[in-house]
Amino acid sequence: MTHENFRELLPLYVVGALDGDELRMFERHVAEHRAQCEAELAEWQAVADQLAHAPRLVEPGRAVFHRVMAEIEEEEAPRPKPMVTTTPPRERVSLTAVLFRWVPWAAAAVLVAMTAVMIKQTNTMRERFTAGQQATTTQQTQIADLEMLSATQAVAIVQQEATITNLAIRLTAQGKEFLEQSELWKARAEKQRQDTDSLQTANAQLVKEREQLLQAANELRRQLETQRVQVAALEKQAGEQTDAVTRGHAQIAALEARISEKTDALNLLMDPDLRVSQLANPDPKKQSPAVGRVYWHTGKKEGWIVVSNLEPVRKGSGKSLELWALCKGKPTAGTVFWTDDTGRGIFPIKLAGEPACLEAFAVTVEPTDAEPLPAPTGPIVLLGK
Amino acid sequence: MAIPVPQPPDDLTLLRAVAGRDKVGFQILYERHSPLLFALALKILGDRTDAEDVLQETFLQVWKTAAKYDERRGKPLGWLIMLIRSRAIDRLRSRQTRVRITEVASNEPRADGLLPGQAVMAGEIGAVVRAALAELPAEQRTPLELAYFGGLTQTQIAKQLGQPLGTVKTRMRTGLLRLRDGLAAMPREELTS
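Protein sequence lines correspond, in order, to chains A and B.
Going by the numbering used here, the first residue of the first sequence is number 4, and it counts up by one from there.
Going by the numbering used here, the first residue of the second sequence is number 3, and it counts up by one from there.
These are calculated hints, taken from the structure and not from any lab test.
Just so you know, not all the hints are guaranteed correct.
Using 20 Å as the maximum straight-line C-alpha spacing, the simulated SDA-like pairs for lysine to any residue come out as follows [to be verified]:
1. Lys388(A) to Arg278(A)
2. Lys66(B) to Met72(A)
3. Lys303(A) to Ala363(A)
4. Lys322(A) to Glu369(A)
5. Lys189(A) to Ile172(A)
6. Lys318(A) to Asp344(A)
7. Lys161(B) to Leu26(A)
8. Lys25(B) to Arg70(A)
9. Lys161(B) to Met72(A)
10. Lys25(B) to Asp344(A)
11. Lys70(B) to Met84(B)
12. Lys25(B) to Lys318(A)
13. Lys25(B) to Ala45(A)
14. Lys70(B) to Arg37(A)
15. Lys25(B) to Val158(A)
16. Lys25(B) to Tyr16(A)
17. Lys303(A) to Pro351(A)
18. Lys25(B) to Ile75(A)
19. Lys70(B) to Ala45(A)
20. Lys179(A) to Pro10(B)
21. Lys189(A) to Lys70(B)
Bound conformation, chain B alone:
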């Protein structure tokens, strides 16, 4: 006899519940996304205490401003990522002692030894993204990571890497285009739901 499996509420439903002051929905949303958001904050800040503070602030902001979320501007997870990334980068800039993201990136485990296609089969989004990133040449991957995880602008990246600004821009654009193509194997809904 088949077990009836209740469909879990999607992120949009949960955000609407949170906007209606539903704490259960809020907890489900937290349980679902806090590992990803915390890992992102930890990657940016390099400090567990700071990352937990930012996670706490972010979810308080979610509780207070869920009603302002506009689904036309992107998926709920994208909104959560934007909130925590902004806060983490603000904190990173304010504490003046910037973590060298290049070192963090170089210490990061690479693509799990999986090809992008295998990662898709395994259903592991992170593995897919890591595999796609690992496919990029270092001169394209490094400036992308400096921008996204280090909060550096193109001018700062060019200065840090000692490369012409035009070269950095071209490599970042090419890198992101290739990343998009590399991730095309994963259904968009799975990546951004």
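Isolated chain A, as found in the complex:
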């Protein structure tokens, strides 16, 4: 058997359940490995012995202890010696025969006999007295023995009384301690009850507050939802307003640009170095209502052209109007521009080169919608000096 087997069987052994081969192997193992097994065995036996506490305590009859003590006393007490009675048998005397055989001597004999009997009785009495004295002595010895025994028992009783007194004192102290402990536990229980009540009250308050908070939270949630809708509407409005502002800014920028152009034009018009050329269709037969005017600053080499009543040439139509500066019939390319739907237009102008002289301006219609051409290809719709 291994020690592990021993440990498995140990709980069964200590409650007395092992039997057969297992019990024999177990006991052999313990005998062979006592040092190794003894502590574990004692520990588990102590666990099993707790079962002995399970039945409720029962006081045995008081007579049991007396019987135990009587047996102990009987075993320890010396064997009493049998008392020897030394009283001799009394001698019997036949007075009748003496009277019939010895009548004459009767009186004397009687006297003698009576004397003898008296002497005998005296002796007997003396012997009895002696025996009585001996018996008395024996009884006195027995009384002395009993007194000694009684004294011994008295000492034992005193010792027991002392023990009982000590036990009573200890029990009193333990009782006092128990009462104090009980009071302490009672106080603790009361404190715990009060704490529990307080906690329950606090808990009820917390539950109530929680309900209120939940209601408040729901209300806030509703308000938040409403505000979220409002914010969404405001954001939409803000977006629209931002777009409007952006558009406004663009319009402002466009207006500012136009103002700037107009300001430049006004400044140009008010400049004394400004040259103004009137333009009209060069072919009188056509009787075109188209007119134009070129404002040219000779110092700055820039100016403006204003046209009206032209056949509309809109930007993106694949055609454009191009201004030309003429010097001795030689054209110098100028600005490309367009009219609106009514044939009106006003554009700043510059020249691509610097002509030797500036005799007239002409406007031609060109088949292009992009860069100015180096030389005119289309018909002249306006011309003027």
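With chain A held as given, fit chain B onto it using these hints.
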């Protein structure tokens, strides 16, 4: 003013006194443990007269053999429990009419309605043990009681309960392990002193 409380002599001191033929020590030992030992014998035998006889025999044996007690083998109370349990079970076996411990056990009041922890506080060892026993499932508690209080072996228990031997062994081992753990709350000195 505090009352000086003399410490009662412990069991080992009393047993040594008994070994020295001290009758006062013997009486204190008897007064201290006879209720427990008598209750154990009564539980095993189920008869008051038999239990008193066994108690008387046991204490006579204590008087005669106290000098042979070996403290290395266990506490004095454990020795007393071993003596009376052996005698009670011997008597139970000899009289052939075995008390059905299962019935005795089922009639036994249970755990006083106390939890093990409460029983410890009350300082009542018996209540602690009863509470710990009551915590065990019946299939573990019954074979333990049949063995300890009925003197039955594992084979006899298996036969009486109609269960496989291996099952009975496992349940007894598990039950005692749980009992040990359940009693761990009580200081060992209080349980076995």
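Outcome of the hint check:
1. Lys388(A) to Arg278(A): Roughly 10 Å separates the two Cα atoms, so the pair holds.
2. Lys66(B) to Met72(A): 12 Å, holds
3. Lys303(A) to Ala363(A): 18 Å, holds
4. Lys322(A) to Glu369(A): Holds, at roughly 6 Å.
5. Lys189(A) to Ile172(A): Not satisfied, since the Cα-Cα distance of roughly 25 Å exceeds 20 Å.
6. Lys318(A) to Asp344(A): 10 Å, holds
7. Lys161(B) to Leu26(A): The given pair, whose Cα atoms are some 18 Å apart, holds under the 20 Å limit.
8. Lys25(B) to Arg70(A): Distance of about 14 Å is within 20 Å: holds.
9. Lys161(B) to Met72(A): At roughly 43 Å apart (the allowed maximum being 20 Å), Met72(A) and Lys161(B) break the hint.
10. Lys25(B) to Asp344(A): 145 Å, violated
11. Lys70(B) to Met84(B): 14 Å, holds
12. Lys25(B) to Lys318(A): Violated, at roughly 141 Å.
13. Lys25(B) to Ala45(A): 29 Å, violated
14. Lys70(B) to Arg37(A): 19 Å, holds
15. Lys25(B) to Val158(A): 12 Å, holds
16. Lys25(B) to Tyr16(A): 35 Å, violated
17. Lys303(A) to Pro351(A): 12 Å, holds
18. Lys25(B) to Ile75(A): 10 Å, holds
19. Lys70(B) to Ala45(A): 17 Å, holds
20. Lys179(A) to Pro10(B): 17 Å, holds
21. Lys189(A) to Lys70(B): Violated. Lys189(A) to Lys70(B) sits at ~48 Å, over the 20 Å cutoff.
This entry does not satisfy hints 5, 9, 10, 12, 13, 16 and 21, going by the numbered hints stated previously.
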